[in-house]
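J.: Chain residues, written in single-letter form:
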Amino acid sequence: MGGRVPSFHTDNTPRSKFSNLPVLPNTLKCRAIFQSVLITSEQRTLRMLDVVSVVLADGSGEDRESFDVLAEASARSWHPPTDSDEDPEEVRRRHEPDEDGKFWMQAPTEHRWSPYADNGGTCMGVAGEDFVVVAADTRLSQGYSIHTRDCSKVTQLTDKCVIASCGMKADAITLHKHLKARMVMYEHQHRKQPSVTAIAQMLATTLYYKRFFPYYTFNVLCGIDDEGKGAVYHYDAIGSFERVPYTTSGSGSSLVMSVLDAQIAKGNQTIDTPALDKRGIVELCKDVLSSVGERDIHTGDYGEIFLIDAAGVSPTRFDLKLD
Amino acid sequence: MCSSCSLHHRRRDLNDRGRAMAPGQYSMDAKQHTMSPVVTGATVIGMKYKDGVILAADTLASYGNEARYKDVCRLKKIGDHTLLGAGGEISDFQYLGDLLDEMADEEACDARSVLVPAPPFPLQDQAPHLMYVDHQGTAFEEDFVATGFGMHLGIPLLRNNWKPDMSLDEAKALATKCLEVCFYRDCKAYCKIQIGVCAGAGVEIGPPTPINHFWGHTAWTENRLEDGDSTGTW
Chain V
953 MGGRVPSFHT DNTPRSKFSN LPVLPNTLKC RAIFQSVLIT SEQRTLRMLD VVSVVLADGS
1013 GEDRESFDVL AEASARSWHP PTDSDEDPEE VRRRHEPDED GKFWMQAPTE HRWSPYADNG
1073 GTCMGVAGED FVVVAADTRL SQGYSIHTRD CSKVTQLTDK CVIASCGMKA DAITLHKHLK
1133 ARMVMYEHQH RKQPSVTAIA QMLATTLYYK RFFPYYTFNV LCGIDDEGKG AVYHYDAIGS
1193 FERVPYTTSG SGSSLVMSVL DAQIAKGNQT IDTPALDKRG IVELCKDVLS SVGERDIHTG
1253 DYGEIFLIDA AGVSPTRFDL KLD
Chain Y
18 MCSSCSLHHR RRDLNDRGRA MAPGQYSMDA KQHTMSPVVT GATVIGMKYK DGVILAADTL
78 ASYGNEARYK DVCRLKKIGD HTLLGAGGEI SDFQYLGDLL DEMADEEACD ARSVLVPAPP
138 FPLQDQAPHL MYVDHQGTAF EEDFVATGFG MHLGIPLLRN NWKPDMSLDE AKALATKCLE
198 VCFYRDCKAY CKIQIGVCAG AGVEIGPPTP INHFWGHTAW TENRLEDGDS TGTW
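Just so you know, the sequences run in chain order V and Y.
With my numbering, letter number 310 in the first sequence gets 1262, and the count goes up by one each step, no holes.
With my numbering, letter number 18 in the second sequence gets 35, and the count goes up by one each step, no holes.
This is chain V alone, in the form it adopts within the complex (with noise of 0.2 Å):
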């Protein structure tokens, strides 16, 4: 093969060695792919003039020109590429102008409206043998906003259950108002608090019961089961869960869970080391938030440790960074 140029090119054009492009040989063909862009941006968006002057400037002085963008649009018959699943027929009415010679303005897109909010944030359970952890932080933002800077994530359900919920803050509230209204029916008809198992399951039916508009919210559900032990389950926004040793969720999961995995279930170690106890897993808990709070922007402000034992919930803060 001769050169840099790929053999589909089978014209002559002296070709830029970096970038392929062809080399302009001259301002005429400047001026000429000036117009094109300015006829395809044209096309493309409504902030722009009808008419554009171009200036051609060289070592022989200044030449200006003026073209009509609409009228060489419509002399070249170029339409702007669709995206495939968008109706074609609705495409070529927004790029062309109607009976009246008029074009339809668009209403802007970015103002559509979504039921659905992202606002960040990562919360994580650790179940110990009796005793679990649950540390959250408490930052509520929304795209590059932080809304507010102190905004718990975890909503104490029983004397020994709390749940901790990210991703939609509106959603979340929803879900634990009812959630805590079932606690209180259930309190009533059974005369007692009922077990983090029976929540549970409680929690999954509710979630599937949105199956089809689900409550956007990513759950960890903690407290010490009727045996004593520490308990921790996971869900999905839709309701699927399961019984772990230990789980995380929100914008910064991803991170803390290869930490959890490392730390507390002891995996790829090549140093054998003791288990940890209740307060080097807190420690931990703390340590990885705040190492969450470095690398992700949705996590920070505060965090919140709820340690849940014989004793009961005892819930604590400590300070991330306000970055």
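If you are wondering where the hints come from, they were derived from the structure by calculation, not from laboratory data.
Treat the numbers as computed from the prediction; the structure is a model and nothing was measured.
A virtual CB, placed ideally from N, CA and C, is assigned to each residue, including glycine.
Please note that the accuracy of each hint is not assured.
Which residues of chain V face chain Y? A few of them, derived with a C-beta cut under 7 Å, are [said to hold, decoys possible]: (1) 1069; (2) 1092; (3) 1097; (4) 1099; (5) 1100; (6) 1103; (7) 1121; (8) 1122.
Add chain Y to chain V, keeping to what the hints say.
T.: Structure of chain Y alone, referenced to chain V:
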């Protein structure tokens, strides 16, 4: 076509000629009306101060990029102890206001006899609360909040200058400053504002007031381009 919107990402609001909707055109499907807002308000600034809460908003209701209605009150008193301010679709705000008025009336009648209604929504803990709720239901309490462009232009000023023990005048001045900055940079902001105060004594919405603005800075007026017919900016 499904009217539950949401899950049909590709669906556009189409008018009866099958065209994409422009602002102001109404959809054939009543449920889709306010999916794309038509007449909108911009920034609302809210903050707590020493004795209560204030809300501030300009008086403009825009129609797309047009400054359509220039004397619209975007603040509303609900019951005796609540002040509501809104950005976004103005018709939704007005409807929501009516709904809340009804709720306040019902609350009042349920709380006492029909003949002697109790004040609706009494202060539960005698402490000021400032809450933000958006169209999706995202809700939180804060010491200061802002909607719309104010979230980007006003919040940094509030972060730097807000203090919990501010006097009413200081709070008003800060809110005015935020709206002034919005007016300089947000094409949907306006130079006439209203400030509502919610304190122990009740709720009071102030009169529409012009804000100071100055466009005569040298950087904005001197020519920066050589052809001489364009004015400068920074």
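J.: A separate judgement is required for each hint: does it hold in the structure or not?
T.: Outcome of the hint check:
1. 1069: Holds. Min distance 5 Å.
2. 1092: Because about 6 Å separates residue 1092 of chain V from the closest Cβ in chain Y, which is inside the 7 Å limit, the hint holds.
3. 1097: Where the cut-off is 7 Å and the nearest Cβ of chain Y is about 6 Å from residue 1097 of chain V, the hint holds.
4. 1099: At about 6 Å, which falls below the 7 Å cut-off, the nearest Cβ of chain Y leaves the hint on residue 1099 of chain V intact, so it holds.
5. 1100: holds (5 Å)
6. 1103: This interface hint holds because 5 Å falls under the 7 Å limit.
7. 1121: For residue 1121 of chain V, the interface hint holds, since the closest Cβ of chain Y sits about 5 Å away, which is under 7 Å.
8. 1122: Given a least distance of 3 Å, the restraint on residue 1122 of chain V holds.
Taken one by one, the earlier hints all hold for this structure without exception.
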